[in-house]
Amino acid sequence: MIIDGKKAVWKDYQKEIADDRYYYVRSCVRQNFFPGSETAFLKIMREELNKDVYEHPCHTSCSGIGYHSDIVPVETTMTVVARQFAIMTEAGYENLMPSCITSFGLYTEILDTWHHFPEVEEKIRKQLKKATGREFDKPKNLAHASDVIFKFRKEIGAKAKYKLINKNTGEPLKVVDHIGCHYAKMFPSKGIGGAEYPYVLSGMIEEWGGQVIDYPERRHCCGFGFRQYLVQANRGFSIACSKEKFESMKPFKPDMIITNCPGCPMFLDRWQYVINEMEGKRYGQNGEGIPVFTYEEVAGLVLGYDPWDLGLQMHQTDCEPVLDKIGIDYSPEDKYNLETVSAFSKSLV
Amino acid sequence: MASNKNKFGFDISLGRQINYDANNRNIAEYLFDKEPSMRRCIECGGCSATCTTAGFTTFSLRELMILIKRGETDEVYMNLKKCMLCGKCTLVCPRGVNTRNIIVLAKKAFQKSDEYAI
Amino acid sequence: MNKHVIVIGGGVAGLEVAGQLSNMGIEVSLIEKEPKTGGHLNKWYKLFPDRRNSSEVQSYLARIVHNNRIKLLTNTTIEKFKKGRGHFYVTTNNGEVLNADAVIVATGFDLFKSARKEEYGYGIYDNVITSADLEEKFQKGDIILKNGAVPETIGIIHCVGSRDEKVGNFYCSKLCCVTAVKQAIEIREFLPDSKVFCFYMDMRMGGAFYEELYREAQEKWGVSFIRGKVSEASETIDNKLTIKVEDTLAGRPLKMKLDMLVLMAGMEMSEGGVRVAGIGGLKTGENRFFAAVDNHTGSNRSNIEGIFYAGTCTAPMNITETISHARAAVVEVIDYLKDGK
Amino acid sequence: MQFDPFIIPFNIGLYFILIYIVVRCVIWFLDLSRPDKLRLQRGFFGIAFTQSLKEIFMESLIHRKILKTNLRLGYMHMSLAFGWFLLILFGTIEADIFGAKHLNAPYKAIFFKFFNPEHGRSGFEAVYGFIMDLILAFILSGLLLAVTKRVYSKIVGMKKTTKLKLTDKIALTSLWLIFPSRLLAESFTSGAYGTGSFLTGTLGTWLATFLPAREMAYPFWWLYSTALGTFFILLPISRYMHIPTELFLIFMRNSGIRTGDKAGTYTEVQTYSCSSCGICIDTCQLNYSAGITNIQSAYLMKGIRNSYDISEIADNCLMCGRCDQKCPVGIELSPIRMIQRRGSEAGTDIRNIFKGYLRSRQNAITETIPVSSNYKFLREQDSEKTDVLYFAGCMTHLTPGIKNSMVKILDASGMKFRFMDEEGGVCCGRPLMLAGHDREARELINYNSQMIWKSGAHTLVTSCPICYKVFKESYYLDVEVLHHTQFIRRLIADGYVKMNFLRKRVVYHSPCELGRGSGIYDEPREVLNHVSRLEKTSFEDAESLCCGGSLANMKISSRDRLKISADAAKELTRRNPDILATACPLCKKSFAAATQTRVADISEIVAEALNVGHSKKVNDSRSIILKEIANI
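Protein chains in written order, with my numbering: chain A, 1 to 349; chain B, 1 to 118; chain C, 1 to 341; chain D, 1 to 632.
Some clues are possibly wrong.
What the hints assert, rightly or not - Computed cross-link-like contacts, EDC-like style, restricted to lysine to aspartate or glutamate with a CA-CA straight-line distance of at most 16 Å: (1) Lys244/C to Asp21/B; (2) Lys185/A to Glu119/C; (3) Lys81/B to Asp438/D; (4) Lys220/C to Asp33/B; (5) Lys255/C to Glu247/A; (6) Lys51/A to Glu94/A; (7) Lys166/C to Glu196/A; (8) Lys7/A to Glu119/C; (9) Lys229/C to Asp164/C; (10) Lys255/C to Glu217/A; (11) Lys46/C to Glu56/C; (12) Lys81/B to Glu443/D; (13) Lys7/B to Glu279/A; (14) Lys7/A to Asp126/C; (15) Lys229/C to Glu165/C; (16) Lys257/C to Asp238/C; (17) Lys244/C to Glu196/A; (18) Lys33/C to Glu271/C; (19) Lys82/B to Glu443/D; (20) Lys7/B to Glu277/A; (21) Lys154/A to Asp19/A; (22) Lys255/C to Glu244/A; (23) Lys113/C to Glu165/C; (24) Lys151/A to Glu48/A; (25) Lys51/A to Asp20/A; (26) Lys255/C to Asp21/B; (27) Lys253/A to Asp238/C; (28) Lys244/C to Glu244/A; (29) Lys454/D to Glu380/D; (30) Lys34/B to Asp309/D; (31) Lys34/B to Glu312/D; (32) Lys257/C to Asp21/B; (33) Lys257/C to Glu217/A; (34) Lys408/D to Glu608/D; (35) Lys159/A to Glu48/A; (36) Lys244/C to Glu119/C; (37) Lys253/A to Glu171/A; (38) Lys82/B to Asp438/D.
Please keep in mind that the hints were generated in silico from the structure rather than gathered at the bench.
Nothing here was measured: the structure is a model prediction, and the numbers come from that model.
My request is simple: use the sequences and hints to build the entire structure.
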């Protein structure tokens, strides 16, 4: 691997990310999957980085899952998205920061479509006006939440209590980064580092002391694939995709996987359990699974947040091996203590 | 370990991907050695188009030859037997591939190999 | 004929044009941006389809420069260009102003920059090389991997940068297929124990004796041809490359490990050509090559009277075609100089 | 007491070979099937016996067939075989008449001169000695040819001569030494005693002038005896085993025993009867057109005798049958090759020389467990009733001109016919049989038989000789099977179709499977004679060439096929005919690619010559007439 070559590619895929005043759009599914992530993100943005992050209780699902499952027509989706823009405009914000990769991809796609077909944009404006009476401005800057963390990775690194380093050996942890498909595969120029060698998570890993693993199936989908998962009979494809990735990364002996998409950590995490149930196979070391994290969780860990406050007890593949390697201080008996967790959430409100 | 399909209502799908490195290509090597004209095949499909057997059932010598070359031999053996050896394929082949001999040799090779021996 | 013609580009076409014109007693200035004439050919090991040593053609071209009274300007590019009453005034980067009766553009081609096909990892993976890199290895005579080991399995990907909308090239570079076949044979000659796989979309063996070479590669050298566009390459933990391709004739996706991957880089309009087009106001086509006024009967004529094209600056061509095209350009220039003014 | 130690090698060899042959013949006999045993017994004590004796004399001694094919080669074989026979015969008589006793041990006759050096002085003795010398000279002249043939085979008019293995070489050397050593031994003895006739006497006298003849004679008598002994000992493991085996073969053949389709005593006797004369090599088109020189029948026989792996040899043959026709010993070469194809792949070469004395048999058919049908996909079909069923055959579908012509002819005849494989049918099964896959072939045969039977037809016409042969020989049909040439001839003869005469010069190429394979030579020629000017070639009937397209060869490359086709086409069109006619789609395709002359199937020529306005009117009694024609 020629790292300079990668760096040259990364240079070609830079992107403008707003400095402050973000309008945050939550993901519809993440709060069920890993509820600690978005909470931790807001805490990091507001308290660690002192940024103005606004969110509005009236925003809805972007309907991306419905759109990608061929259930919701594109015009409907566009109108729903237009409403999100309208709420943002009404709140006086211009920098849209979705939490979800599919939303990010969808917004990018819609903005690009409107760019090429202004008449469609006009039509949607009319429809939104007719349906809700709202009007909107298009966001000035569109960045995924992980782009923003990438932008401030150094600041986070500077405040870090822990590094992604095995405290016993002093070696950097081997980290697999998995990027959501809708992040850059549709519009490579909109993703940091492009679609082939995305840098958004790699940059964080490097900055926080870890070592990025580049394995052959790095491009492969986690297996969510919307239709594949939603229909039970198709789930065999979904799990086969994840398995393909695990088989491919296994020889590199990764310590952890980090992701930036709502579905990916869910599936990479849960399918490890299911594969083990079906075939008795595990892909981590010492007969364990490979712990899977969201980038917010990793940022929180690095900053010294309590793992249970971050919601790591919600992971089906135990994350303790990584916590132990890094040397994070945690109390095993509090793992399922709801009171301490709710205290953390309440502290943010 | 027995599949736990019932527990989840689905199973891990098997891909259709040819894993070239994992496959055994002994039969292809045997054929290349005994009938080197097989190397000349350009997969034009002339053989399959004229095939007598193909008039009655799914049978494509072109496809079988490719699968043999890739080492995907599981389905080849049962299919090879459908050939009637009439030889039309040899007559139409633009690259002079001795297709009839390939089939005879392939049958022989399958019979010889432990995996497929009856 | 007491005339002066400027030839831009000292590759195969430029040298041939310069030589022929000079033989006819026309004064020729040959402008070459590199320190040495000869162009891409200098880096080539052997030529298809007869696998003749390229140095033979190189020395033919070198003799032209030596034998004739050609004013050779190497390390020279064009900065300014002016046309006035049948005369052309060309300013070089050295500040020299050349005055000519006609100009022949022979700016040739650039090889497609393979790093643009990011999925193949050229410049990132240790053992992904281009057809041009391989020719250099042939010239040196050592076909080795980055770690010094001898490759056992080598994959050749056709159509890298050709027939690919994703990189903006709709056209076929037409020589890569036969180059792949030639190089596959040469790899097998250098490394008799190796296995070579060509991944092609179509085998375009249009030239004389190309098909025969293809057949030889299959029959004598045991080169495997798999029809399908390689979609991605990745490096494995043991420093090999794993590729994914659909074996379209088996109708199944296929993956395999290779020690080395050779990318058959296509031909693109050269950067120098793009500059000349800009400076001179010359028309280019959708494929970015110079557009001749008539593809059938005037493929050497540009949209500006007195400026002519020779060789691969108009389209991908092999050496035979390039030299023929260059000689045709000479006829056009002579006609122009006689009657044109 | 007439004894000398030098006779020991000869005696050992002689008694060894006599006992060996007797034992072997007994084993062979015991191994015969019951009907064949009866046949042989009947043959031995019947008319066949005299016939066999005559044949042994004509073929084994005189080598009439080789003489007919190749005079010089025949003379070579005759001089050695017949000459040696005469030498033994006259020698024995000589010993019995002039010896001390009558009825002597064999060595007395062989070494008569040694024990009777003074013999030959009286008039009668001298005449007899002259005869003996004449016979010896006769043999030596043949031997000279044989030695030259080894060195330079063209001398005897052959392009190729057989390649030998080591034991063959030793046996050959000892054979060659026998007669020169006898000549020198007798000459020295004659020289010493002043006896001998024109050859031994003259040579002896001359040698005695500068050599001590008495002392020189003795080593040559040793050499003579040793050469004979070695030759006899090596006989069973050399190709010269054919000398005794051929006699047995002749008796078997004249008793009516045939090869069949399984290996047995008869095939074994045949393989040992091959003298490796090389005529099959010379006659083989693979040899002289394509330069393939290691697969001919002589090598097949040798391979079987020595248990080599001969699957490559067995499969690389066009099965044109030319060598069967030419074999002077009359070995059924093609059937033996077919047995080999059906058999399993042979074992290893015999490294232990002594195993050569044991029996070597062709591999038996590997009995595979009859797994489920290979052709389950063939669905039963209903068949429309008809009188004549036309089966074009797979290959004919690649030559649409033939099937279209047949349809035209059948239409013109007014017969009620049905095209059995108009949309492509099931293969007749012969290609599978030719590859040795009899079980699979049987499946197709059964399927087609059902179709034919259901059609109710009384005549089955086919355009492909390959199909014809298998319909005729391997189908159990109660319909008359005709090749289209036979059928057309009958249509013409019975007036069902009227022909115009084409002013075209035509030569006819007789397809292997139709001519040599099925014995049909006359009908195609009569049809052609009727509609065109048929001219003769040098390759008529059994002499016919192979077009090179034969399906029977599994190995040959398309380039080599083309060479054979081109050579054959060149020979056939030597006198620039307008049309090269044939009666087989494969021959047509092969020749069409190899010559500029127009190549046409007989059916196409007939269709061209058809006088359409003049065919018999269809009437209801037609099927009755047809039944008469078909003789059912």
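Each hint tested on the structure:
1. Between lysine 244/C and aspartate 21/B, the direct Cα distance comes to roughly 12 Å. Compliance with the 16 Å bound is thereby established for this hinted pair.
2. For the proposed pair lysine 185/A and glutamate 119/C, the alpha carbon gap of about 12 Å is at most 16 Å, so the pair holds.
3. Annotation: proposed proximity of lysine 81/B to aspartate 438/D holds, straight-line Cα distance about 13 Å (limit 16 Å).
4. A C-alpha spacing of about 12 Å is found between lysine 220/C and aspartate 33/B, which places the hinted pair at or below 16 Å, so the restraint holds.
5. Restraint check for lysine 255/C and glutamate 247/A: the C-alpha separation of about 14 Å stays at or below 16 Å, so the hint holds.
6. As the CA atoms of lysine 51/A and glutamate 94/A are separated by approximately 14 Å, the hinted pair is consistent with the 16 Å bound.
7. Taking the CA atoms of lysine 166/C and glutamate 196/A, the gap is near 14 Å; set against the 16 Å cutoff, the hint holds.
8. Our distance criterion of 16 Å between C-alpha atoms is met by lysine 7/A and glutamate 119/C, whose separation comes to about 15 Å.
9. Distance hint between lysine 229/C and aspartate 164/C is fulfilled; the C-alpha atoms sit about 11 Å from each other, no more than 16 Å.
10. For a cut-off of 16 Å, the pair hint linking lysine 255/C to glutamate 217/A stands: about 11 Å separates their Cα positions.
11. Only pairs whose Cα atoms come within 16 Å are accepted, and lysine 46/C paired with glutamate 56/C is accepted, the gap being roughly 10 Å.
12. Between lysine 81/B and glutamate 443/D the CA atoms are separated by roughly 12 Å; this keeps the pair inside 16 Å, and the hint holds.
13. In summary, the hint linking lysine 7/B to glutamate 279/A is supported, as the alpha carbons are separated by about 12 Å, within the 16 Å threshold.
14. A hinted pair counts as satisfied when its Cα atoms are at most 16 Å apart, and lysine 7/A with aspartate 126/C qualifies at roughly 15 Å.
15. In summary, the hint linking lysine 229/C to glutamate 165/C is supported, as the alpha carbons are separated by about 13 Å, within the 16 Å threshold.
16. Note on lysine 257/C and aspartate 238/C: the hinted pairing holds, with a Cα-Cα distance of about 10 Å set against a maximum of 16 Å.
17. About 14 Å separates the Cα atoms of lysine 244/C and glutamate 196/A, which keeps this hinted pair within 16 Å; it holds.
18. For the hint linking lysine 33/C to glutamate 271/C, the alpha-carbon distance of about 11 Å falls within 16 Å, and the restraint holds.
19. With a C-alpha separation of about 11 Å, the suggested pair lysine 82/B and glutamate 443/D falls inside the 16 Å cut-off, and the hint holds.
20. For the proposed pair lysine 7/B and glutamate 277/A, the alpha carbon gap of about 9 Å is at most 16 Å, so the pair holds.
21. Between lysine 154/A and aspartate 19/A the alpha-carbon distance is near 14 Å, which keeps this suggested pair within the 16 Å criterion.
22. Between lysine 255/C and glutamate 244/A, the direct Cα distance comes to roughly 12 Å. Compliance with the 16 Å bound is thereby established for this hinted pair.
23. For the hint linking lysine 113/C to glutamate 165/C, the alpha-carbon distance of about 15 Å falls within 16 Å, and the restraint holds.
24. Under the criterion of a C-alpha separation no larger than 16 Å, the hint pairing lysine 151/A with glutamate 48/A is consistent with the structure, at around 14 Å.
25. A hinted pair counts as satisfied when its Cα atoms are at most 16 Å apart, and lysine 51/A with aspartate 20/A qualifies at roughly 6 Å.
26. A C-alpha spacing of about 8 Å is found between lysine 255/C and aspartate 21/B, which places the hinted pair at or below 16 Å, so the restraint holds.
27. A hinted pair counts as satisfied when its Cα atoms are at most 16 Å apart, and lysine 253/A with aspartate 238/C qualifies at roughly 13 Å.
28. Taken as a hint, the lysine 244/C and glutamate 244/A pair is honoured in the structure, with Cα atoms around 13 Å apart against an allowance of 16 Å.
29. As the CA atoms of lysine 454/D and glutamate 380/D are separated by approximately 11 Å, the hinted pair is consistent with the 16 Å bound.
30. Distance hint between lysine 34/B and aspartate 309/D is fulfilled; the C-alpha atoms sit about 14 Å from each other, no more than 16 Å.
31. About 9 Å separates the Cα atoms of lysine 34/B and glutamate 312/D, which keeps this hinted pair within 16 Å; it holds.
32. Of the supplied pair hints, the one linking lysine 257/C and aspartate 21/B holds, its CA atoms being roughly 7 Å apart against a limit of 16 Å.
33. Taking the CA atoms of lysine 257/C and glutamate 217/A, the gap is about 13 Å. The hint holds against a cut of 16 Å.
34. Under the criterion of a C-alpha separation no larger than 16 Å, the hint pairing lysine 408/D with glutamate 608/D is consistent with the structure, at around 10 Å.
35. Our distance criterion of 16 Å between C-alpha atoms is met by lysine 159/A and glutamate 48/A, whose separation comes to about 8 Å.
36. Pair hint lysine 244/C plus glutamate 119/C holds up; C-alpha atoms about 11 Å apart against a cutoff of 16 Å.
37. Our distance criterion of 16 Å between C-alpha atoms is met by lysine 253/A and glutamate 171/A, whose separation comes to about 13 Å.
38. Distance hint between lysine 82/B and aspartate 438/D is fulfilled; the C-alpha atoms sit about 14 Å from each other, no more than 16 Å.
Consistency note: the structure conflicts with none of the earlier hints.
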